[in-house]
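**Q** Now for the letters of each chain:
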Amino acid sequence: MLNEKNDLAIDCCLLAGRLMIESGAETYRVEDTMTRMAISQGLIGTQSFVTPTGIMFSLGKDGSTRLMAIRLRITDLEKIALVNQVSRKLTTTELTIEEAYEELQRIASANLLFPFSWQLIAAAIASGCFLILFEGTVWDVPAATVAGGLGFIVVTLIHELTRVKFFAEFIAASIVGLTAFLSTFLNLGQDLNIIIISGVMPLVPGLLITNAVRDLMAGHFVSGVSKGAEALLTAFAIGAGVALVLSF
Amino acid sequence: MTWIIQGILSFIIAVSFAIIFNAPRKKVVACGVVGMSGWMIFSAFTMVSQDQVQASFAGAFVVALAAHILSKRFKMPMIIFSVPGIILLVPGGLAYNAMRNIVENDYLTAIAFASKAFMTSGAIAMGLVFAEVLMQLIFRYMAKRKTVIVK
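Read top to bottom, the protein sequences are chains L and V. What the first sequence shows, in our numbering, is residues 1 to 248, in sequence order. What the second sequence shows, in our numbering, is residues 1 to 151, in sequence order.
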């Protein structure tokens, strides 16, 4: 009986951890959440080791140890907030462990993302606004808006098709560069540089940069360095995509 | 006038990134306010000191501070509020100029731009960390005072 309950508690912790890592939470928050959930179930002295590609979670000396591989990572801030709420409710005994597990499974299968059209409009508008913030002229706004929107469509499409993130970013950045080049070529835009800079802004790996630093500072060097490497590779992909267009 | 326009634009950008990163729907406006405050501090600091590195530090510091306060207020992870705000401060222009000079075989200028971009991102990181440490100290102090009063 005791073992069954422990099993459920481990499953619950691991599921919560997986959801948080997949949605892009910081490593120390994942470890903290898992430990809190375990303590609320009377499991003291649990150990966890969290990396962006997998979680190890152990009950300690006498208990079992489990491993959970993580294959996909996106940015979904709402899921982080929801899992956090479940863990809060579990620690204040508002939810039992069974209810919490059901709730987490519901979160895992739910698609909470904004519709793609909203994201696309957001990316396009952000590019246009960046152009003004970077002291561009108002005449370049349409070009930047189109470039940013096209880049976002391409990165989403190619990522769906190939599942290789860096390739998608490379192609998207070169499409942004090409759009900017065409717009200046056809006299629809004036400053090529600023249009490209604002166009690639929606592709910038903001979450990775923030998380890499916070993980490093919290002493999670494995996750920090690997997230930093991912951010650096993304930056390189974007840079190379733009460079490809500029070199012609 | 430019200040009002900059404020509105940075608010719109932070809201857009909150949508792209799928922040909780009711907190999208809060993300926008965080991004706006970060950018306003950044541009005010750039005007005073003419140094983008220091300005980025100040901007990131304010973003993290605001995100921390909001995360305590709404009982949500801090990352939800800080990520859309940080994007505004990313040195995209410097990185682009570095890349452009590499393509044009002007490596010396490229290194200058790249080091500046690197320094700026380092300053953003330091701003985030400093704000976090400061807020932890403040919260610990407040918790201690509360327990003393209860006793």
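Honestly, the hints are just simulated from the structure, not real lab data. Keep in mind it's a predicted model, so treat the numbers as computed, not measured. A couple of the hints might just be wrong.
Simulated pairs of lysine-lysine, BS3-like, Cα-Cα distance not exceeding 27 Å [claimed, not checked]:
{"#": "1", "chain 1": "L", "residue 1": "61", "chain 2": "V", "residue 2": "144"}
{"#": "2", "chain 1": "V", "residue 1": "27", "chain 2": "L", "residue 2": "5"}
{"#": "3", "chain 1": "V", "residue 1": "27", "chain 2": "V", "residue 2": "116"}
{"#": "4", "chain 1": "L", "residue 1": "5", "chain 2": "L", "residue 2": "89"}
{"#": "5", "chain 1": "V", "residue 1": "72", "chain 2": "V", "residue 2": "27"}
{"#": "6", "chain 1": "V", "residue 1": "116", "chain 2": "V", "residue 2": "146"}
{"#": "7", "chain 1": "V", "residue 1": "116", "chain 2": "V", "residue 2": "72"}
{"#": "8", "chain 1": "L", "residue 1": "89", "chain 2": "V", "residue 2": "116"}
{"#": "9", "chain 1": "V", "residue 1": "27", "chain 2": "L", "residue 2": "89"}
{"#": "10", "chain 1": "L", "residue 1": "89", "chain 2": "L", "residue 2": "165"}
{"#": "11", "chain 1": "V", "residue 1": "75", "chain 2": "V", "residue 2": "146"}
{"#": "12", "chain 1": "V", "residue 1": "75", "chain 2": "V", "residue 2": "27"}
{"#": "13", "chain 1": "V", "residue 1": "144", "chain 2": "L", "residue 2": "89"}
{"#": "14", "chain 1": "V", "residue 1": "144", "chain 2": "V", "residue 2": "75"}
{"#": "15", "chain 1": "V", "residue 1": "72", "chain 2": "L", "residue 2": "5"}
{"#": "16", "chain 1": "V", "residue 1": "26", "chain 2": "V", "residue 2": "72"}
**Q** None of the hints should be skipped; say for each whether it holds.
**A** Results of checking the hints against the structure:
1. Simply put, residue 61(L) and residue 144(V) have alpha-carbon atoms about 34 Å apart, too far for the 27 Å limit, and the pair is violated.
2. Of the pairs offered as hints, the one joining residue 27(V) and residue 5(L) is violated, with about 36 Å between alpha carbons and a cut-off of 27 Å exceeded.
3. Distance hint between residue 27(V) and residue 116(V) is unfulfilled; the C-alpha atoms sit about 34 Å from each other, more than 27 Å.
4. Restraint check for residue 5(L) and residue 89(L): the C-alpha separation of about 18 Å stays at or below 27 Å, so the hint holds.
5. With a C-alpha separation of about 13 Å, the suggested pairing of residue 72(V) with residue 27(V) holds against the 27 Å cut-off.
6. With a C-alpha separation of about 45 Å, the suggested pairing of residue 116(V) with residue 146(V) is violated against the 27 Å cut-off.
7. Taking the CA atoms of residue 116(V) and residue 72(V), the gap is about 34 Å. The hint is violated against a cut of 27 Å.
8. Distance hint between residue 89(L) and residue 116(V) is unfulfilled; the C-alpha atoms sit about 46 Å from each other, more than 27 Å.
9. The suggested pairing of residue 27(V) with residue 89(L) holds, with an alpha-carbon distance near 20 Å, which does not exceed 27 Å.
10. Only pairs whose Cα atoms come within 27 Å are accepted, and residue 89(L) paired with residue 165(L) is rejected, the gap being roughly 36 Å.
11. With a C-alpha separation of about 19 Å, the suggested pairing of residue 75(V) with residue 146(V) holds against the 27 Å cut-off.
12. The suggested pairing of residue 75(V) with residue 27(V) holds, with an alpha-carbon distance near 12 Å, which does not exceed 27 Å.
13. For the proposed pair residue 144(V) and residue 89(L), the alpha carbon gap of about 24 Å is at most 27 Å, so the pair holds.
14. For the proposed pair residue 144(V) and residue 75(V), the alpha carbon gap of about 20 Å is at most 27 Å, so the pair holds.
15. Note on residue 72(V) and residue 5(L): the hinted pairing is violated, with a Cα-Cα distance of about 33 Å set against a maximum of 27 Å.
16. As the CA atoms of residue 26(V) and residue 72(V) are separated by approximately 16 Å, the hinted pair is consistent with the 27 Å bound.
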